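Using the sequences plus the hints, can you model the full thing?
Chains A and B supply the protein sequences, listed in that same order. Residue 287 in full-length UniProt numbering sits at position 287 of the first sequence, and the numbers go up by one each step. Residue 51 in full-length UniProt numbering sits at position 51 of the second sequence, and the numbers go up by one each step.
These aren't lab readings, by the way, just hints derived from the structure by calculation. Computed from a predicted model, the values in this text were never measured in an experiment. Hints are not guaranteed to be accurate.
For each label pair, taking beta carbons as the anchor points, the in silico distance ranges come out as [as the list claims (entries may be wrong)]:
no., chain 1, residue 1, chain 2, residue 2, range
1, A, 144, B, 6, 31 to 41 Å
2, B, 251, A, 132, 38 to 48 Å
3, B, 1, A, 13, 27 to 37 Å
4, B, 255, A, 120, 22 to 32 Å
Cβ atoms here follow ideal geometry from the backbone N, Cα and C, with glycine treated the same way.
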Amino acid sequence: MPPDASSPSPNENPPAVMARSLRRTFGEFVAVDGIDFEIERGECFGFLGPNGAGKTTTMRMIYRASPVDGGRLEVLGLDAASGDFDRQIKAQMGVVAQEDNLDTETTVRENLRVFCRFYGMSTAEANRRCDELLEFAGLVEKSDQRVQALSGGMKRRLMIARGLISRPRIVILDEPSTGLDPRARQNVWDGLARLREDNVTLVLTTHYMDEAERLCDRIAIMDRGRIVACDSPTGLIARCSAPQVIELSLRRGPLPEHAQPLLTRAQRVEHLRDRVLLYVDTPEDLVGDLTKTLPDHPAMVRRASLEDVFLELTGRGLED
Amino acid sequence: MRLPGDIDVKMALAVWWRNATVYRRTWLKNILPNFFEPLLYLVGMGLGLGFYVGEGISGQDYIAFIGPGLLASAAMNGAVFEVTYNLFIKLNFDRLYDAYLCTPAQIQDVAAGELMWAVTRASIYGAGFLIVLAGMGLVGYPILTSPFTLLMPAGVMLIGACFGLIGMWFSTFIRTIDLYSYFYTLFITPLFLFSGIFFPVERFPFGQEIAWCTPLYHGVRLMRGLASGELTPEVGVSVLWLAALSLLLMAIVPGRMRRLVYG
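Right under this line is the structure:
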């Protein structure tokens, strides 16, 4: 359904989503604390952060499952904060919620068929769309089975297929691959890649670094209801204080006293529960000295990643 | 098409359709008990107990006295089950309403669709009952004796709507499914026993006054009036009573449901 011609549209090609000082509170708790962001059409935009950072609440406001307590929120140029355009907004949006909410009393195919009716499709149209989506999700053979018979990965793919029924211009995915095994995750990612080829705007949340880095054009890092940084994955990593990281394992015990002078040679040091991270420009000399001085603490060199950016910006790990 | 309260009929029908899809799979299994239950009540109570109620009640044979009231309670039961356990599962366990609400549907459409389905179930259930009541006439126990009998399906729908809304309203207050046992044992069962189906409510002090305040009493009075053709002003009052409560709950229930899903 195209947007209503009478609905307010300040410019001809508004961004997919635009938020200014967006806020949402639950009693005393501020879930989303005045955030600003803009999601362009056709891009894949990710919210990255630990549980409780406000990612899901932000998504729920975008897909109109949660009221807006303050600030502005526009989706495809329509005012989403007022609640007056919820039907129009939702008609152009596909949603894949965090927890599977499939219909357990109907078959795989009926799960799609029933939802086609919400978009006013004729029976023939609905049947054709179900065929396409079952094909897309790789569930053709399972189409007459009940949902309970599906694996976790298949359920997720069916959830995604259901979110695509109306050929939405924006697809919202809350933790699309959480709880899936590596093969199932790969499957989901392949499906999302195909959507990107069709120029669908993807908005997703994740607390997986690799997922964010791999799928997203831009990432907003969230912590305690705020966006602490927003950039492309490479742009974010470039903000890290140094490009290389030496990881010292603490598996065999804490670092001895005489390790301290070595640590001061790094630009920045992070002490985690099971390892120490040393941020350096050139790791070679330091690694050699560390291996000699601390034979019980194996050192590993890697490039700085999104996790390091997150650590530096928030002072804590993603899995905390 | 939009109804008052910003209800989109197409969306409500989609919700209705989902329930029909599930029901269609098992309807044959489900529909047979619909016929046994009235038959058992009419034979057991109507003919069994009725044998000892020699002169009947209010000038009617006992079986003719209880038949229309039992139809009213069948409409109640048919509607209530859909909007109690079944609704709770969709709302809280399967989170299916969250999925509906990601489509252009709004919560008032979902409420309307569920209500339509509750009325549908009440009608299916009531139709089985009506067929049995009519059949009793063929074997020498006339229960439906007036042309107004033809209006009984409409009465079933009104009772179904009223109880569908009551069940939905109750469902918005509870957090655990076990609490429905209170709804059934402390609300539905007393209504079944003390709404004038089996004996006149005047039997107990203030029985009439108390019963007047409860919905099934009016359902029974309406059905009894339609079956016998004695359309007294009280029957009209009962129709208005049921319609007024239904309208009141229609105004309240969508807001209550919104509070549950729109967090």
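Here's how the hints hold up against the structure:
1. A:144 x B:6: 31 to 41 Å: Given a distance of about 37 Å, which is inside 31 to 41 Å, the answer is holds.
2. B:251 x A:132: 38 to 48 Å: 42 Å, holds
3. B:1 x A:13: 27 to 37 Å: Between residue 1 (chain B) and residue 13 (chain A), where Cβ atoms are some 33 Å apart, the hint holds.
4. B:255 x A:120: 22 to 32 Å: 26 Å, holds
Going through the hint list in order, the structure satisfies each hint without exception.
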